[in-house]
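If you read the protein sequences in the order shown, they are chains F and A. Residues in the first sequence are numbered from 1 upward in steps of one, following our numbering. Residues in the second sequence are numbered from 1001 upward in steps of one, following our numbering.
Hints may contain errors.
Taking lysine to aspartate or glutamate pairs in the DMTMM-like style, the calculated list, with each CA pair at most 25 Å apart, reads [said to hold, decoys possible]:
1) F:Lys694 with A:Asp1128
2) A:Lys1145 with F:Glu711
3) F:Lys28 with A:Glu1076
4) F:Lys694 with A:Asp1041
Source of the hints: derived by calculation from the structure; they are not laboratory data.
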Amino acid sequence: MRDDIPTGIASEISGGAGVEQRHDSARKHVTGQARYIDDLPEPAGLLHVQLGLSARAHARILALDLDAVRSAPGVVAVFTAADIPGANDIGCMLRDDEPLFATDTVRYHGQPLFAVAAETRAQARFAVTRARIDYQDQEPVIDLTRARAAATRVWPPMTLARGDAAAAIAAAPRRLSGRLRIGGQEHFYLEGQIALAIPGEDDEVTVLSSTQHPSEVQHIVAHILNVADNAVTVEVRRMGGAFGGKETQANLFAAATALVAKATGRAAKLRPDRDDDMAITGKRHDFEVDYTVGFDDDGMIQGVSYLFAARCGFAADLSGPVTDRALFHCDNGYYYDAVTASSDPLMTNTVSNTAFRGFGGPQGMVAAERVIEEVAFALGLDPLTVRKRNFYGTTSRNVTPYHQVVEDNILPELVAELEHSADYAGRRAAIRAANAASPWLRRGIALTPVKFGIAFTATAYNQAGALIHIYKDGSIHLNHGGTEMGQGLYTKVAQIVAAEFQVDIERIRITATTTGKVPNTSATAASSGTDLNGKAAQQAAQTLKARLVAFAAASGGVSEDDVVFLPNRVRIGARETPFATLVSQAYLARVPLSATGFYRTPKIHWDRAVGHGRPFLYFVYGAAISEVTVDTLTGEYRVDRVDILHDCGRSLNPAIDRGQIEGGFVQGMGWLTTEELWWDSAGRLRTHAPSTYKIPACGDRPAVFNVRMIEGRPNREDTVFRSKAVGEPPLMLAISVLHALSDAIASVGDHRLCPRLDPPATPEAVLAAIESVRQRTGPPPEP
Amino acid sequence: MPTVTITVNGNTVSRAVEGRTLLVHFLREQLGLTGTHVGCDTSQCGACVVLVDGRSIKSCTMLAAQADGREVTTIEGLAAADGTLHPMQAAFRQHHGLQYGFCTPGMVMSAVELARTTPHLTEQAVRDGLEGNICRCTGYHNIVKAILAGAEAMQVEPVAQAAE
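All chains should be modelled from the sequences, with the hints used to inform the complete structure.
Here it is in structure tokens:
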């Protein structure tokens, strides 16, 4: 058979599934040719839009005088709530709690009150400052202490329960309680929020939006304009970062530009200044977690209860599902014989907090790891020992607090492999010895695991569509509902399609996500982009392939089993035909060469009211060991070494997946260490620029950074080529940094006291924890 | 409005600009060179780095007028006329030194200057040299790898070109 292959045809395709295919836009990124929305040629007559923001966190608006705004140079139009033809609501839950423009009351500092459209961006920026607003101040609820006292919720709380936790805790030989505060996080996507709206005929409008959720932007814009969804087309080719910050937060900017475009008949663009972006948009939720745990002398947890109070901001946004997911991950990888976990999604006069990589899961996991640490210190055990003792089992001790059975647990083996390969025990002993001889510089080490559930907990979101055309020259046009934010989704889905057709990836044109091609899409979120859209695209490809097979079999006079797709060609009986030739023949024979694909995640279901179900199709596992050095005189520290072993199932693209692991880890490290959001008592965000809000820089990355993927562990579930989702789980590997810092701090008190180090562990927080441990244990050692 | 004359990527251009026009706006809006990005508006993120007379400059922190009579290289001017990538561009592509790519042009331009001005580039020198460029995706791991590889290729490249 090999003799029949014409020379010049490769025996393998380029860019199939499982290879380290480069990001599809890599060449364009390094040459500056990759276009983000602000880089596109501007339509003639483009108007520039800027937003006028509230200077109060909570106030009644007594007067909104915009005369000076209207008469400012270059201003074409000014818009308030009164100019909105439809509903003044951009909230993703459509609960009428998130206006595009505030009317009688402002509920957070930075809330938009009006928009200005001007000939230039500078004119628009100048004009918004001319507004005269009379406020009647109301008492703002800014922090969680006040929020808990006020007890106003943006969403109904949820409780997960299995067994009688109160009785188990009471009956346990030992018990302890505590409170943990977990900071929020600004997304700091490098490309800020942006939208460009182009008015069409009749009631139509096209919006280019930097969004993870084009279908929601479409729906919100239609809602604002009081038109049907079919009048609105939303498109996004790529985002310069999102991380959850463009799942719902793009709505506002898209709606404002669409409003301006339809009212003026001119294209309109809105790119807020970075400081405004940070003031206007929601962030990762900060939490206060109260915990009580009952355990035995071996450190086995017998019962545990959690209360997760979250600062949600002024509106619901995604706070319900986010706080739910915190509960879904309060077990991390640990079996609780009896558990009660409740959420408390609290209203505050701050930005409406939103999705951020992990979506509440990281906060749940940080709480779980704190409880483990408390138990370990209470018993004088290595926290890793307590972790391992409490891991889920495989055939027993395998039911989660939400009554899903953990069927794919690989954590014990994965952790054992990492512990051994990175010499946890040896290094820990060496660090203890070194610390004994080092009065001020103290080192610490910790291993923490990750178990993260994959699927949207809102079951309906677990669907996706794709559209593939094959043109008669054999070139392939690929479209699906997922959005590209750098994570490599477009590349991975193209690899899947290349593998299905057995064609080189270069034959496939990856096209921008648009509501006009694939409707009713879900947000690209919950790590599920490839799982959902990859399967949908695979199905579309399989539909087309089946048609080509049927055609080839009929025209070649062979059975369908004798039609085989080989690299860039098709074997029909004993004959081989190039892929493009078969396609052109199929066209002439009037075979339809366009197909949609659709996928719905199987097996999952969830009943929130009773806290029962299978919200996740499978779990992703991982573990990390971090090693740090802390200057106990200043609280400053560095991360010396990190070893990661992570589960990507059968990776679709090891290079892209490794990049997600490395990037997710460093982003998580930022959240838990240097990134501190600070609101003053008046509710003003004082960390509203990179000058005051510190995300990790190049020098902050671990000096030694070993990242490996666990091998030979394909997904047990029928995911696309048995891969696993990779977007969110690696972020939580960074919890090991927090615990390594804690370990170093604990050395100051001879490891007798749990430092109770709350994130973000800024140098100030580390120093405070050191002082606290010192005060609780007695005077410092002589130098 | 004053007129500035700047040589951008080898082409000398003269334009009338407002005195307050920043170099980045001049490049993006007047010349359509949109590979230079605006990330933070406050000269901190480094997405707008270009070379001015061979030195890396955050183009949002320099007036177009200050670049009058000088040579500016943007990300668009780095590759050869036939499309052959500059060794640093090739290294970023080869080593997956990018994810969402918004920071990439500034990173590449900073890296080119770093490689040119540091004879034996070390991992530590790259860490220190990139203090003014932030990336939110990659965790910097592949960026550092790419810069070290790109710098090495730049050492070899002049010889190869001379031999042609």
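Query raised in the report: Hint numbers the structure violates, sorted upward?
Result: Of the numbered hints given earlier, the structure breaks none, since each of them holds.
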